[in-house]
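> Chain by chain, the residues run as shown.
There are 2 protein chains.
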Amino acid sequence: MAKINGNYLELQGSYLFAEIAKRRTKFMSENPGADIISLGIGDVTRPLTPAVVSSLHAGVDEMSNEKTFRGYGPEQGYDFLIETIIEHDYKARGISLEKNEVFVSDGSKCDVGNIQEIFSQDSIVAVMDPVYPVYVDSNVMAGRAGHFNPETKRYDGIVYIPTHAENQFIPSLPTQKVDLIYLCYPNNPTGMTLSKEELKKWVDYARDNKCVILYDSAYEAYIQEEDVPHSIYEVEGAKEVAIEFRSFSKTAGFTGVRCAYTVVPRELKAYDESGNAVALNDLWNRRQTTKFNGVSYITQVGAAAVYTEEGRQQIKQLVDYYMTNAKMIRDGLASLGLEVFGGVNAPYIWLKTPNGLSSWEFFDKLLTEANIVGTPGVGFGRNGEGYFRLTAFGSRENTQRALERINKLSL
Amino acid sequence: MAKINGNYLELQGSYLFAEIAKRRTKFMSENPGADIISLGIGDVTRPLTPAVVSSLHAGVDEMSNEKTFRGYGPEQGYDFLIETIIEHDYKARGISLEKNEVFVSDGSKCDVGNIQEIFSQDSIVAVMDPVYPVYVDSNVMAGRAGHFNPETKRYDGIVYIPTHAENQFIPSLPTQKVDLIYLCYPNNPTGMTLSKEELKKWVDYARDNKCVILYDSAYEAYIQEEDVPHSIYEVEGAKEVAIEFRSFSKTAGFTGVRCAYTVVPRELKAYDESGNAVALNDLWNRRQTTKFNGVSYITQVGAAAVYTEEGRQQIKQLVDYYMTNAKMIRDGLASLGLEVFGGVNAPYIWLKTPNGLSSWEFFDKLLTEANIVGTPGVGFGRNGEGYFRLTAFGSRENTQRALERINKLSL
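Protein chains in written order, with this note's numbering: chain A, 1 to 411; chain B, 1 to 411.
Think of the hints as simulated: they come from the structure by calculation, not from any bench.
Computed from a prediction, not measured in an experiment: that's the story for all the values here.
Some hints here could point you the wrong way.
To be verified - Away from chain B, derived, C-beta distances all over 12 Å, residues of chain A:
no.	residue
1	Asp35
2	Asp79
3	Ile118
4	Ala165
5	Glu310
What the hints assert, rightly or not - Derived DSS-like pairs (lysine-lysine); straight-line CA-CA distance at most 25 Å:
no.	chain 1	residue 1	chain 2	residue 2
6	B	Lys67	A	Lys201
7	A	Lys67	B	Lys316
8	B	Lys3	A	Lys177
9	A	Lys91	A	Lys201
10	B	Lys22	A	Lys99
11	A	Lys316	B	Lys67
12	B	Lys3	A	Lys210
13	A	Lys3	B	Lys269
Claimed, not checked - Now the stretches of chain A that chain B is said to cover, found in silico as 3 or more residues with beta-carbon under 8 Å:
no.	region
14	247-259
15	374-387
Think of the CB as a built atom: it goes at the ideal place given N, C-alpha and C, for glycine as much as any other residue.
Take the sequences, apply the hints, and build the full model.
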């Protein structure tokens, strides 16, 4: 008799976005003509840049010709893309990587979701709260999260580390034993970053305790300030303890194109039952070669164009466009007296709801009084209660119109 | 302290292709000018068809325009592709499916590798021998295979069902309890098929024993004979017990483009610890929405072009090209007195090695005397010993040249 993976039954419904959709639909049915502006979802809206578009066309043409057609490519990605990633994203910042340390994939969500497979089933997982839900859910599915406690609204097997205005969104080191630590900087949902000094504390902690840090850096391209680390490998010794995830999704508008990469340094080890060190690079390589078949050649040609001189200028314009939105939102909300976080090195603005409103109360207020949809902070975890996320990914026009509407609210 | 998933240590080295590469390299270094023809790897060589190419270009153009740009798509795939899949691949054969029963993905290898996640860790897995290695390895990684026995060359936790010339490559039903059954038809590596009557035995067995059949049908497009089932759902009751995997890789030359789909019928159930039936469709949907982010929009537009009238004609020509190769190889080898299987409804020819040679002895003979690289059958499992796989995916010219060389061998 076929039995299911019972851990799936511990998953909580994807309450957040279902509830948002429900409230939005209800409002629309009661207000049929309403012109709703969404600053909720973390998805780009600007088209692909010309350098990428012309390379994608060239890739398609190569695949149409017998002489240049390519079938299965390397599961790890083509050298031409890996070499340019290393050159521009790492060597340019003084970090050296070998080609076999970079694994091209079809998305950071996939890699971040799959990476836990190479670790033991009894690993203790630490996440920040608020948190990107995939870190938690992928471990629930694998049986590492224990039971969900409806009172605490937390899994009893996960270690949650709070970040909020009171600690300046700087997480404290764990006070109990953990094995795997998910860090996301620039952060989704808060839009905040960690300084190199703060990041060093985590690297040192991981080295002292033989932990592995899973460092999600999908929003790296949005870093504007000089002193914010772009890679965890800027911290000495990080290659011994950290896997880094990067994506073309937000960097180059690839959310609908699908390309990302993951760095697993050769120095990085974890331990078998007998305490022998095993290279995680070998395990991830085995995982990817067994259960993955590489990214579309056409897509990889398009991704490589991001690094040409023309490509980099266009990407910078793209990021500038969204970051101008972010500044408008930040400044606009701050001028109304709201407490605003993020939005300086990330496309997310994390605001404290006014007058002690709950996240959902503020959601309803924005929806009904300004016809704006955002994301209630509590949807990302208990410590998100009383916060609200707006994104800078809308069009300039919609961002402006949304701010004008918020300006007219009584907050 | 971070510990590894110890099950990975039970994986055997990917001995087969490493050993092939090693012997080939050695031969090349000793015979620098040798003109080697590869009929080994199961990868296509013909370019994408014009209908697909023009749709891919159109998809790229849509992504370059603000008005038609698409960001994140549905993790399950776009309706336009799912609807056309259902219409042409199923409804045309009298099988009705709902849109939420089809999940578009970036490859059958991914889906076949990931599907085991939704089943309990103590599931007993049955595979045919010889077998496509991903079925076994993905279960080894999940801890379902037990230990590898170097003497039997098998995992002690896997149920192996032999297929060979003596049983006409028709597998017998399991004689011990199993929960999950991997079937692959048209078969890789043997190129053989099952009749509807034989397939019905498996469906009935699965219904009687509440098993789930994982039906890999990646080579469906190569079926030429009238009475060979194209889908397991042609068998009554199969929707209650079977998941079906299909791919554009071999159908339309998409090995380097990456698109496939998996059908998980709503009727299909497995059981929780208390014996309650749970819809596997819900679990797979949750798996994909949590750990996958959909296939490139551009790729999905290209895949949909496969089903246009023009597209279908071009795909038929593509399949005919390879199947003409297959017939040439079959007939050529048979005329030399070799026992030949497959190659009628599949692009693989599975031959019995002459004069009792082992798979590797025949490999060496073909390599050194005819400069042809194929795949030793024993690499797919113990019952592959004494067999050898050739593929029809080469160019016409190379296939012809290879046959001329084999013709001159003393066999």
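> Could you run down the list of hints and mark each one as holding or not?
Quick rundown of the hints versus the structure:
no. : hint               : in the structure
1   : Asp35              : holds, 18 Å
2   : Asp79              : holds, 15 Å
3   : Ile118             : violated, 5 Å
4   : Ala165             : holds, 30 Å
5   : Glu310             : holds, 15 Å
6   : Lys67/B x Lys201/A : violated, 46 Å
7   : Lys67/A x Lys316/B : holds, 21 Å
8   : Lys3/B x Lys177/A  : holds, 13 Å
9   : Lys91/A x Lys201/A : holds, 24 Å
10  : Lys22/B x Lys99/A  : holds, 22 Å
11  : Lys316/A x Lys67/B : holds, 21 Å
12  : Lys3/B x Lys210/A  : holds, 9 Å
13  : Lys3/A x Lys269/B  : holds, 9 Å
14  : 247-259            : holds (count 5)
15  : 374-387            : violated (count 0)
Hints 3, 6, 15 from the earlier list are contradicted by this structure; the remaining hints agree with it.
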